[in-house]
Amino acid sequence: MDMAKLSKADVTHVARLAKLDLTDTEINKFLPQLSQILEHVGELGKVDTTDLTPTSQTAGLTNVLREDEVKPSSIDQNGALSGTNKTHNGYFKVDAILTERSDK
Amino acid sequence: MKIPLTIKETQDGLIKKEFSAVQLVDAYLERIKKYNEEYNIFLTTSDEIAYSKAKKFNDLDQYTEEFFKENPLAGVVVGYKDIFLTKGIRTTAGSKVLESYIPPYSATSVSRIENAGAIPIGKLNCDAWAHGSSGENSDFGPTKNPWNKEYVPGGSSSGSGAALAANMSLITTGTDTCGSIRLPANYCFSVAIKPTYGAVSRYGVIAMASSLDTVGPIGRTVEDVETVFNVIKGEDGYDGTVVNSKFEIRNSKLRVGIPKEFFTEGIDPEVEKTITLGIEVLKKEGIEFKEVALPSTKYAIDVYYVIQPAEVSSNLGRFDGIRYGNGRDSFGDEAKRRIMLGTYVLSAGYYDAYYLKAMKVRSKIISEVDKVFDEVDALIAPVAPTPPFKLGDKVSDPLTMYLTDVYAATANLCGIPSLALPSGFSKQGLPLGFQLMGSRFSEPALFELGKLYHKAIDYVPKVAF
Chain A
1 MDMAKLSKAD VTHVARLAKL DLTDTEINKF LPQLSQILEH VGELGKVDTT
51 DLTPTSQTAG LTNVLREDEV KPSSIDQNGA LSGTNKTHNG YFKVDAILTE
101 RSDK
Chain B
1 MKIPLTIKET QDGLIKKEFS AVQLVDAYLE RIKKYNEEYN IFLTTSDEIA
51 YSKAKKFNDL DQYTEEFFKE NPLAGVVVGY KDIFLTKGIR TTAGSKVLES
101 YIPPYSATSV SRIENAGAIP IGKLNCDAWA HGSSGENSDF GPTKNPWNKE
151 YVPGGSSSGS GAALAANMSL ITTGTDTCGS IRLPANYCFS VAIKPTYGAV
201 SRYGVIAMAS SLDTVGPIGR TVEDVETVFN VIKGEDGYDG TVVNSKFEIR
251 NSKLRVGIPK EFFTEGIDPE VEKTITLGIE VLKKEGIEFK EVALPSTKYA
301 IDVYYVIQPA EVSSNLGRFD GIRYGNGRDS FGDEAKRRIM LGTYVLSAGY
351 YDAYYLKAMK VRSKIISEVD KVFDEVDALI APVAPTPPFK LGDKVSDPLT
401 MYLTDVYAAT ANLCGIPSLA LPSGFSKQGL PLGFQLMGSR FSEPALFELG
451 KLYHKAIDYV PKVAF
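Chains as they are written, first to last, in full-length UniProt numbering: chain A, 1 to 104; chain B, 1 to 465.
Here chain B stands alone, though its shape is the one from the complex:
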């Protein structure tokens, strides 16, 4: 069977009885079996659970419009980044420390996605502990980009992007501490939302840097990502940072800012060009653009590489090999580097110079960004300075790898949402795109802009093969 590429196509197919939920699971698992060895996208598949769930929903007569209103993700096959706890299914965080860990409970987002009818197909490869921009830091080997297997799929949610490009799942989940949802979406021709800090519960998601971590969906259309976001958002009583926001669109006429600091010399010409074209398209649709200045955002990546390792060193402190997992000698190089960096910036004599300083510069960036959102509803920017790079290119140089996320850091430091949108392909046939950042809890405005843009360019979801 031809696997549908969107939630709507899937549910229409079920209503029209073109296929059953079990046949869908068959089709996805067949592809995973065929291609996973080559691309290293799934670490674990949950065949039995997928089939038992699909069988529950296999009566085609139940599929009515009304049914899908109550079960918005019915028939939707989902893969989770392997940093989301899944009760009874191995969860590794991409690390040998947790190579045989089976969680006794599921993350809130996992439970909500499944309560909405989704079928869990398995766990996706990622940089160990979500530390990385290429997927190459996974202790289980790098994931390859389905659009060209010599290239990285983007990290850290590497399998979550690649699974969509390889048509191994309809939607996936990711975490974004500094671009880890947006980058794989960008490098794999997918749509993703990095939600507002406090919009989606992180309960049951292995923590990386708690003041920056966010949980969000990746899919092939803005509509699909919005549907999943609406399923997972809101308070659960287990993550004290989450609030139930009204998510209102502030203005009927949306204005977008172009922050000139995000278009500096390091940017690849094809990345810049796709954004310039995107701006032209949205202008024709009546969106107003203006240049804005965010001078302190040039320090965002430095602030991030102080605050994040500090929080990592604290969060990874709990892995002692006593209650679960292996001992600390099982940490890979990147985790060790970040733990040491974090411990150093928090240690006596260096706390003020690094950590306290970074927290103050963070305030400065936030105040500039807040001020700009008095004038505009969104900011357009690259996700990364270049299209996907080759496997191995940055792996021996941690600092160069870190700078991949130079444009991603601002959204996390400010706790604002950002929508990553595919826009086209480079001359080499590699995915291109950009991000739209908004003020806190302005996800609906970003979704509107994303839909407007994709409608205007006649966007159609694509898979690599």
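Only chain A is shown next, with the shape it has when bound in the complex:
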């Protein structure tokens, strides 16, 4: 099993995947800390897990379903929007994710 040493590029890559903007100081602080933790959990590589099925939860339940109904106690639109001031006509306001094409 490959437990390659964590590099600065790995930390930058992971931060990008997790949408965290890290400063260089932060990267330099986190790199040795994360390496040390990964080295510790890397002990798991020693355990023989042949023929074992992975456990993702312990409830022992699968596909717990219910009718998809609106209940009177459901949160109304104002309630749903109450966590932010950035609203417009009853919608959440977000930053634009598309820009106009410059090659037209």
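Take the hints with a grain of salt, since some may be wrong.
For lysine-lysine, the following PhoX-like pairs were computed, each having C-alpha atoms within a straight-line distance of at most 25 angstroms [unchecked claim]: (1) A:LYS8 x B:LYS336; (2) A:LYS46 x B:LYS371; (3) A:LYS71 x B:LYS87; (4) B:LYS33 x B:LYS2; (5) B:LYS390 x B:LYS149; (6) B:LYS55 x B:LYS87; (7) B:LYS56 x B:LYS17; (8) B:LYS260 x A:LYS46; (9) A:LYS86 x B:LYS87; (10) B:LYS96 x A:LYS29.
Hints in this document: simulated from the structure, not taken from any laboratory.
Chain B: place on chain A using the hints.
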């Protein structure tokens, strides 16, 4: 007035008209006002809501035995870990991301506790997002241990333990993903149950690691913790993992296992001694003990530090600053570390080596634990390797901090319940105790053992000042 320390004392006082519900709220708020700045236990108090609820229950003539059967928590002042959503009351999860978030609904456990008559007094400090073992990861500053303010109260439900030791609340709530209910109870001389996974709904509790998170009460006696547990347990239709169990005691003669892997070299002699004495006490009460082997539990903390960050990275993905809260730049260091660790173990090339491997070792630990519960009804173990440690001691070394929970992880990985019990004090005057783990849905057996133990040692609830 002298504040009563248990639900029974509180309700007896109300029946005898020694004080009113409003006077109780006065007394708690007075203490909070006096000591909170020094100990940083409450992040928010809900004075108005507390008084309006207390006034509703202020007619002393209504307090009869019958009334308390219908309202088992009437007159009981409760503080919630600030990770439980409370409609109309700020809920921060101990993080600057949610510093001004006011939820539009309440957690199921909050609603159930209040429907049973409890009076909500406020929201308790905790490690941000419940990430921590000392309370020092709170973005609102660390909570201090009321038994000695140079020491940590245990985390992540730091305020929930400290509020009991400082006599600022009669009961509190906490969440336990890897010891976060049991550790503060242990470090603050309180009783707590980390319930079976699937016994109590997590609806309205900010998620940390969803396959491990549990919700439970902290109080000063086994009876009080059992009362609150019975109020909050059971299906609500909003958490698909919860089932209505019968919670039966399997055997009339309870047997307890001593897993030798939980008594290794890292354990503090005073922690070990208090457990040895506890075993002697319970033996005299007719409880049978036997040594058992759980060889793979030595990997529990490593399994936990793969699975938990993986689930954290997913759960904290929703905090985008659009629908509620501030943006992701408001996350503190510990949240950032866990998000990155989790993202890493789930990322292409590392998933099999870390995440899948950890899920398989988890299966191995579960099968060993299940097998042992064919032979015994409970397992006795330390909650943490040492008594409370000093503020600042582990804060700059995340790995050392993580290892505080080395004995806590097994119960969460296996989804089994664990009762944390206070047993006494160290030479330095710091709280000591231990945990009793049981098979899934065996809470009543753990409560029986806890009551038996406390009766035998003439346990009396205590507050630090």
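Holds or violated: LYS33 (chain B) and LYS2 (chain B), Cα atoms, limit 25 angstroms. Holds, because 16 angstroms separates the two Cα atoms, which is no more than 25 angstroms.
Against the 25 angstroms threshold, does the CA-CA distance of LYS55 (chain B) and LYS87 (chain B) hold or violate the hint? Holds. LYS55 (chain B) to LYS87 (chain B) sits at ~20 angstroms (cutoff 25 angstroms).
Mind checking the alpha carbons of LYS96 (chain B) and LYS29 (chain A) for me, to see if they're no more than 25 angstroms apart? holds, 21 angstroms
Taking 25 angstroms as the top limit, are the C-alpha atoms of LYS260 (chain B) and LYS46 (chain A) close enough? Measuring from Cα to Cα gives roughly 21 angstroms; hence the hint holds.
Taking only the CA atoms, is the gap from LYS390 (chain B) to LYS149 (chain B) under or equal to 25 angstroms? Measuring from Cα to Cα gives roughly 9 angstroms; hence the hint holds.
Can you confirm whether the C-alpha distance between LYS71 (chain A) and LYS87 (chain B) stays at or below 25 angstroms? Holds, because 18 angstroms separates the two Cα atoms, which is no more than 25 angstroms.
Hey, LYS56 (chain B) versus LYS17 (chain B), does the alpha-carbon distance stay inside 25 angstroms? Holds - the C-alpha atoms of LYS17 (chain B) and LYS56 (chain B) are around 16 angstroms apart, at most 25 angstroms.
Are the Cα atoms of LYS46 (chain A) and LYS371 (chain B) separated by 25 angstroms or less? holds, 23 angstroms
What's the verdict on LYS8 (chain A) and LYS336 (chain B), does the C-alpha distance respect the 25 angstroms limit or exceed it? holds, 15 angstroms
Could you grab the alpha-carbon distance between LYS86 (chain A) and LYS87 (chain B) and see if it respects the 25 angstroms cut-off? Cα-Cα ~21 angstroms, so holds.
In this structure, every one of the numbered hints holds.
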